Amino acid sequence: MRIQNHPILSFNRGKQIKFYYNGKELIGYEGETIAAALYANGIFKFSESKKLKRPRGIFCAIGHCSSCLMTVDGVPNVRTCITPLKDGMRVESENIGVEINE
Amino acid sequence: MDENKVIICRCEDVTLKEIRDAIRKGFTTVEEIKRVTRSGMGPCQGKTCGLLIAKEISQMTGKPMEEIELQSIRPPYGGITFEEVTKGTVMENDK
Amino acid sequence: MSKIQNLELLVVGGGPAGLSAALAAANYGIKVSLTEEREFLGGQLIKQTHRFFGSEKEYAGTRGIDILKKLIDEVNKNNNIEVLLSSRVLGIYEDNIVTILNDHKMKKYYPQSIIFATGASEKFLAFENNDLPGIFGAGAVQTLMNVYGVMPATNVLMIGSGNIGLIVCYQLLQAGVKVAAIVEAAPKIGGYSVHASKLRRLGVPILTSHTIKKAIGKEKVEGAVICELDSNWNEVKGTEQLIKCDAICLSVGLTPLVDLLKQRKVKTTYVSELGGYVPLRDENMETSIKNLFVAGDVSGIEEATAAMIEGQIAGLSVAKRIGKNSKDEIEERIEEAKNELELLRSGPVGKKIRKGLSKLGLNHGKNYNEKFSEEALDISHLMKTGVPSEENLKNKLPSEEKVFDKGPIAISECFQRFPCDPCVKSCPFNAISENGNINNIPYVDFEKCTGCGICVSKCPGLAMFVIHKNFSETTSVVIMPYEFLPRPHKGEIVKVFDREGKYLCDGKVIRILDGKFQDKTAAVSIEIPKEYYLQARNFKVEEGNHG
Chain H
1 MRIQNHPILS FNRGKQIKFY YNGKELIGYE GETIAAALYA NGIFKFSESK KLKRPRGIFC
61 AIGHCSSCLM TVDGVPNVRT CITPLKDGMR VESENIGVEI NE
Chain A
1 MDENKVIICR CEDVTLKEIR DAIRKGFTTV EEIKRVTRSG MGPCQGKTCG LLIAKEISQM
61 TGKPMEEIEL QSIRPPYGGI TFEEVTKGTV MENDK
Chain C
1 MSKIQNLELL VVGGGPAGLS AALAAANYGI KVSLTEEREF LGGQLIKQTH RFFGSEKEYA
61 GTRGIDILKK LIDEVNKNNN IEVLLSSRVL GIYEDNIVTI LNDHKMKKYY PQSIIFATGA
121 SEKFLAFENN DLPGIFGAGA VQTLMNVYGV MPATNVLMIG SGNIGLIVCY QLLQAGVKVA
181 AIVEAAPKIG GYSVHASKLR RLGVPILTSH TIKKAIGKEK VEGAVICELD SNWNEVKGTE
241 QLIKCDAICL SVGLTPLVDL LKQRKVKTTY VSELGGYVPL RDENMETSIK NLFVAGDVSG
301 IEEATAAMIE GQIAGLSVAK RIGKNSKDEI EERIEEAKNE LELLRSGPVG KKIRKGLSKL
361 GLNHGKNYNE KFSEEALDIS HLMKTGVPSE ENLKNKLPSE EKVFDKGPIA ISECFQRFPC
421 DPCVKSCPFN AISENGNINN IPYVDFEKCT GCGICVSKCP GLAMFVIHKN FSETTSVVIM
481 PYEFLPRPHK GEIVKVFDRE GKYLCDGKVI RILDGKFQDK TAAVSIEIPK EYYLQARNFK
541 VEEGNHG
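Chains as they are written, first to last, in my numbering: chain H, 1 to 102; chain A, 1 to 95; chain C, 1 to 547.
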């Protein structure tokens, strides 16, 4: 959910753009991070952890903890919390339905 | 507290149980625990788990935190792609 | 051959410490390259909507985001500073060669000196299901809300009651998000009492001696189980409680980001008071390796004001070492900055920092002199609950009832000694005093006070109120600070609450001061039945009236 009115801040959002999350079309704003755009669309779970298949999303939101990794435009392990959203971006969850054979 | 459901290393999915088992087995430095469990080997390189592991070692062995070292850190910081390694260096003749 | 560019000074990190360091050096002719990983400058300052405490020189009373605008403006105007955005330092090598990655290209630099201002990262906490989506660090919540205007959740449980935890809770409320409770493991509140008092007035429970046991939820947070702790930090059996929430915010401290320093084998050591593993450094911010300096949170967790002054000291130290002129003047400025830092750290709330710094061999003995004009107040109840005791309140009220007869007077509900003086500086009648020590508690001279209400909007802790006891025969007026939406209309009836957030009565809004001078902290005059004039300290606007 997006904040429309704030007592201290005004949000100068960029151009409204489309992007794709696991094939689904969503709306975001140019210049915001992929993670913020996903959250604004109510998506908390980004990927699953590789060994234990636990749901994961944002933790630090600033590029330190690597909890928010997703595949973006075919490139894996992208830190979505510090990567700016672009028009037509394809964002995909990682490790869901993938088994690691040990 | 179910130690199997407490995550210490998020990147490599290492639980509190695994960390404590490693310490009980005699691995009492962060560097050794890293090699045995893979904690600290993920994309964040120990930023999230390091202090917690050091604290567990301290609590279980009685060693004070001042005597516990975190894992060693080497370049590159933050991860890079193979393309950046092979083609990315700015050379003297480049514009 | 790979290209290597020579530099005079490389500053790593574009937050408040890095910006201040770059400016300090550049102003004395040093050519500075400031490198920042993100595509914008500011570090943590970009999310700080609250007014800063501290001294006027370091922008006390100004909102963090506005301080940042000033710093960035100065940096952009300074011809000696080259800003490298979206540039990540990949490595620093034995010979001080630095490799920086920008737009997939790696470039090498050979700086004469380096100032690391890389900041800190959030500490993690061990409890069951601590990795569920919806569990964030406090910074993450601020980033989503204040930078991107996205609500992180609808109902947050806050773990940790340090200044960051308390400030973020208040910011959550401003963004329209509920706060279920604040959980604090220690027996008392970690941050400044004024932050806690604000939240109690707004009805947020603060549970000291409590901790989180587990997070509940399948794919994201749906609730949490908390429990009470005894004096040995062990769980008290039978005190488990389920708290419904859709996010859990961990505000359990920060730890310095020393990775680059460790690459270079700068000596570090564990100091718990400073947040974890910190670099050894001298009072000029120089590390164990010559010409490598640190500033800001990477040198020890403190806050933005200290970060800015440390940045100045580091930048000036570089200017003194490699610059060509003005060495005497630079030395004077360094001493000034060090004195300011000492003053900021000299009060009771600076005890932890002083202890931590002494473990690094840095003693603030020189100018430190804990001379206070009054006895400290007994604030044990305040620090446990966020609500002042009757004794505390009596101490700040006029000693004689008849003082209330002269008209409206300002009452300061600030009971804790920490460095802050915007109230003193804001009063046009010099009616507020801290007796010359910024750490002292402010007192109002009721003879001089006219009840104008300027201080209500200027206090960063929202701890000033104006009481007009005898507004009419049956009513009083209380002027309260207000930083929420919607703003009330004149004449509107609002619900009025006490210091614990309990409903007292209905009140009528008779005046709202909300212009440029108030800088978004409105001073709202509420008329209430006279019997409540000592208790009425908060109000809420009925959403329905603003359809």
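The set of hints was computed from the structure by calculation and includes no laboratory data. In this text, all values refer to a predicted model and were calculated from it rather than measured experimentally. One or more of the hints may lead you astray.
Taking lysine-lysine and the DSS-like style, the derived pairs with C-alpha atoms no more than 27 Å apart in a straight line are [as the list claims (entries may be wrong)]:
no., chain 1, residue 1, chain 2, residue 2
1, C, 220, H, 24
2, H, 45, C, 359
3, H, 53, A, 17
4, C, 178, A, 55
Next on the checklist: Tell me if the straight-line CA distance from residue 220(C) to residue 24(H) falls inside 27 Å.
Outcome noted: Holds, because 20 Å separates the two Cα atoms, which is no more than 27 Å.
Item to check | Pair hint outcome, residue 178(C) versus residue 55(A) [Cα-Cα no greater than 27 Å] | outcome: violated, 33 Å
Next on the checklist: Hinted pair, alpha-carbon criterion (27 Å max): residue 53(H), residue 17(A). Please report holds or violated.
Outcome noted: holds, 17 Å
Item to check | Given pair status - residue 359(C), residue 45(H), alpha carbons within 27 Å | outcome: With a Cα-Cα distance of about 43 Å, the restraint between residue 45(H) and residue 359(C) is violated, given a limit of 27 Å.
The structure does not agree with the numbered hints 2, 4 stated previously, though it agrees with the rest.
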